[in-house]
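Using the sequences provided together with the hints, build the complete structure.
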Amino acid sequence: MAVSHYQFEAIHPFHDGNGRAGRVINILMLIEAGLLRDPILYLSRAIIAHKNDYYRLLRAVTAEDAWVEWILYILEVVRESATSTTRKISSIRTCQNDIADRARDATAGGRDARFLAVLFEQPYCRISTVVERCEVSRQTASGWLHSLVSAGLLRDVKVGREILFVNHEFLHVLTRSE
10 MAVSHYQFEA
20 IHPFHDGNGR
30 AGRVINILML
40 IEAGLLRDPI
50 LYLSRAIIAH
60 KNDYYRLLRA
70 VTAEDAWVEW
80 ILYILEVVRE
90 SATSTTRKIS
100 SIRTCQNDIA
110 DRARDATAGG
120 RDARFLAVLF
130 EQPYCRISTV
140 VERCEVSRQT
150 ASGWLHSLVS
160 AGLLRDVKVG
170 REILFVNHEF
180 LHVLTRSE
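First residue of the sequence shown? That's 10 in our numbering, and the numbers climb one at a time after it.
The set of hints was computed from the structure by calculation and includes no laboratory data.
Among the hints, erroneous ones may be present.
Now the in silico label distances, taken between C-beta atoms and shown as ranges [as the list claims (entries may be wrong)]:
#1 R54 / E171: 31 to 37 Å
#2 G169 / R96: 35 to 41 Å
#3 S100 / R65: 31 to 37 Å
Don't be surprised by glycine CBs; every beta carbon is placed ideally from N, CA and C.
In structure tokens, the structure reads:
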């Protein structure tokens with residue numbers, strides 16, 4: 010993967026969008042090699058955090074044939090990203106379990122696995138999504154969601170004519186650095 014990434018950057022040296030494309034290729038290579046099941050590893054954060062090293066080491070491969078340093082750098086990026094991703098997944102699971110426990114006390118919908126899954130598909134949901142995924146009436150879906158708002162688990166936000174139900178705890182987990 011490190012060698013392919015270098016080759017991609019060397020033959021396609023554009024600053025706008027090139028890095029993102031290269032990082033997508035990295036993820037696809039990890040999946041193809043059976044080292045990653047789902048494309049959930051976010052390499053960009055670690056690369057951007059060490060951007061000067063990234064460009065310095067890319068140039069060193071071209072100028073000095075410094076492959077060892079480049080490969081060690083990429084391995085460290087993967088290690089750092091995997092550690093961060095593992096922590097993020099753990100935080101999401103903790104949040105899911107905590108909200109599930111509190112949702113069971115707040116509404117009958119809190120015992121519905123499909124409803125709980127909807128709350129974590131995105132950091133917000135709509136009544137129509139609950140109706141569709143949980144196969145319940147609009148009135149039932151609305152009742153479940155408003156019960157979670159009353160319990161402090163969700164916040165309702167009016168956007169145009171629609172109400173979005175924001176899972177603020179999940180949103181916080183998604184947006185904080187791990």
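What are the numbers of the hints the structure violates, in ascending order? As far as the earlier hints go, not one is violated by this structure.
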